[in-house]
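Chains A and B, in that order, give the protein sequences. Just so we're on the same page, this note's numbering is the position in the first sequence counted from 1, plus 6. Just so we're on the same page, this note's numbering is the position in the second sequence counted from 1, plus 5.
Just so you know, these hints were derived from the structure itself, not from any lab. One or more of the hints may lead you astray.
[Claimed, not checked] A short, non-exhaustive set of chain A residues, derived as facing chain B with CB atoms under 10 Å:
1) 56
2) 71
3) 73
4) 77
5) 197
6) 226
7) 233
8) 263
9) 264
10) 346
11) 350
[Said to hold, decoys possible] Stretches of chain B that chain A covers, calculated by requiring three or more beta carbons in the stretch to come under 8 Å of a beta carbon on chain A:
12) 230 to 239
13) 371 to 384
14) 475 to 483
[To be verified] Far from chain B, some chain A residues (derived; all Cβ distances over 10 Å):
15) 95
16) 213
17) 224
18) 292
Glycine is no exception: its CB is placed at the ideal position from the N, C-alpha and C atoms.
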Amino acid sequence: MRLPRLAVVALAAALALTGCATGPSTTPKADAGEGASGGGTDLVIYVGRNEDHVRPLVERFEEETGLSVDARYGSTGELATTILQEGDSSPADLFFTQDPAYIGAISEPGLLAPLPADIIDLVPEGISGAEDDWVGVTARRRVLAYDPATTPEAGLPGSVFELTDPAWSGRVGLAPTHSSFVSFVAAMVAIRGEDETLAWLEGIAANDPQIFDGNEEQLRAIAAGDLDVGLVNHYYVHRLLAEDPAFPVKNHSFDAGDPGDVLMPTTIGMLASTVHEEAALDFVRFLLSDESQRHFLDEVGEYPLVNGVGTPEGERPLDPSLISGMNLPVVAGNLDIATDLIARSGLI
Amino acid sequence: MTTPGRLVTALAVLLVAALSVPPIVVLVVQAYLGREAQTVTPARLVELLGNTLLLALLVVVASSVIGTATALLTQRTTLPGRRVWAVVVAVPLVLPAYVFAVALSGMIGGGGVVTSWLAPFGIDRLPPATGLWAATACLTIVSVPIVHTLVATALARLDPALDESARLLGDRPARVIRRVVLPQLRGTLALAACVVSLYVISDFGAVSMLRYDTFTRAIYAQFRGRVDLAPAFALCAVLVLVAAALIVGQVVLRGRELAVAARARPPRPVPLGPAGRLAGTVFLGLVVLGSTVLPVATLATWTARGLASGAQPGPVIAEAVNALLFALLAALVTTAIAIPIALAARRRGALARAIEGVPWVTHSLPHLAIGLAILVLSIAGPAFFYQSVTTLTLAYAVVFVPLAVGAILVALRQIDPRLLEVSRSLGHSSASTAVRVVAPLTRRAVLAGAVLVFFAAVHELPVTLLLRPTGSETLAIRVWGAVVEGQYTTASIAALLLVALSVPLLALHERASLRAAVAA
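One chain only, chain A, in its complex shape (with noise of 0.2 Å):
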């Protein structure tokens, strides 16, 4: 009796032992798996936008090519944040956002790597880097989304200046931490300036505005008749219309050349510290083909950038004046701006 319930005993400490041990120990082995200059891995991508929309790509790539990519999937700010903190040691190959201001936040320290000209020469003129280290994907409008039942659209301003009139307290919805948001403040500096900016964002914050976390919350909201209209990206209305025909809301576009309607592109850009050069490049080309351009047309209700896969069902095509007097290389600049004028306006 006594020797087995001794032997029981050993192994549990032998085991707990091992136990302390297999943390430190096999650690290399799974962070080769992880780390920049992994085995495992050939291309780590630090996506910035919505993992449903993403997912499908990344595997479509790595069933093409052989490859293992690791996506590491969260809000385009949050990963910003921790490709500035990493720097050079960054395990991220490529970074794809969700919005322009993010991308320019990494470009400036010069963290990105010019993308060859193939690439650049894919969509319009003016939708990528001063540097051209970064390229647009695909692009959004910023909207007004309402709900026609309850918010006739004679009612809806022309203007997104118009929101901070009395008459809209307490009704709007926006989401002042979400990149869509910065980014499109970003354009606005841009556009107006950053006092006219500051006094529409004051104006905002005065009006009693209701605070979400993402765009789609501020669709259902509408939707359950809990809020009446949201400043969000016009893609959000055709994913829920994919899900339910009879969703009810619908997007409201403000006047062209108006600082509320402006194009959002989604971008992507190669860091500098790349190991995985070449794989990285090619899946920059697979973004920029004709089949996952559509992916983002048919799925997701996106602008395609590269030319003559389509526009997206009941929105206005791209105007390229438009496009050229919204110079995105400065609203990439003006992430530092557009954080601290909303920051002062109190709406964070």
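Start from chain A and add chain B according to the hints.
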């Protein structure tokens, strides 16, 4: 102190110094560096502080009342099925607040499950689950079992002689509870208030999902919306100060609570008449309905609805496997670390108290703040630590080691010192005594501690969000990501899976702690 004793103490000091202290240091340093950072306006700071404290106050009041009532009903009355009720009431203990937040969002408001049930009765709208009341409801659900457990434990320890004398003197049971039992629970309730307040100010997922602005939500907003970490750390500093005040209160009260001697004699339960039985059953039924039945039914309905309409749940199984693997690793490593700490902390003296206390401080600070600190540390450290399973496991150990230490300490302190003397007088060395006497007596407690850590790690959100290895998403991350994107179907599927994983764990934990109690 014997040589092995010294070795264990040295090892414990080393572990605490290497694990629990660095995040605190980083927080202090970063807060100092970020002192000039532009964060939020002073008016907004006051508003956030007010929001946070108001929420904490409401949750403390609501959960204290409900939790004390459930404890009294199940411990001190002849209510039928009280043992079963006691277990069922404690069920929400195994689920994180953000799961209830998802359920609450899917329950009411337009398109909510309860809203659709009420439609035939002419009610087609319920207010959406947002803001103060929703956050209060959600966090109260999670806090009731905490109060319930603390009060139930205290009730078991109270000297029954006092209320028996009161009853002999002719006091009615209700009066005995009011005049004799409740005053004796004051210390426990104060401790519960501290624990619950700490929980509330640390919570990040639920308040974000329910759109109530508290400090943790603001810190995350700064982290996510800005590209500089300084504003987030500057806000962390304020939150840490609030937490520090509560931690001090908790330590003081916990010390006093331990001073109460355990009583062997069980108190005589209060007999309930038919009306009392009905009222008690209805009350407990409502608590369980609101905290368990409705939330789970809501998640199940959304899941069924979503799957029927062809929703793609995504790789939730892989995410569940990741969550389980990380938690298993966390449980193993944390328990291994906890054993020497518990052995060293068992002794008397200031050093032993520090060895036990410092990990509690790190545990009690908001996990979002600790996660940010460890993120900064892991970026500064060697590259292979960054976003590695090792760092995530160690981070879990940092925040959860007191859970395991606590469980083991209780068992260690209950070992009769005479047993050890007998073993030594029989010629066994300290090491042999440890293996042959101490180990068998604490085995259950070690297991119970490991299960607690496992639970906590499966459900952990902010640390996992910040430190997970790229390519290894977990269920918690899935629930969070889906809610932020407004995808309630996906969120419900992942949340329901978390519930499903937690139920067997609950059973395991109940058995482990029961056996630990018996063994001790």
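Hint check against the structure, violated hint numbers in rising order: 2, 3, 5, 8, 9, 15, 17
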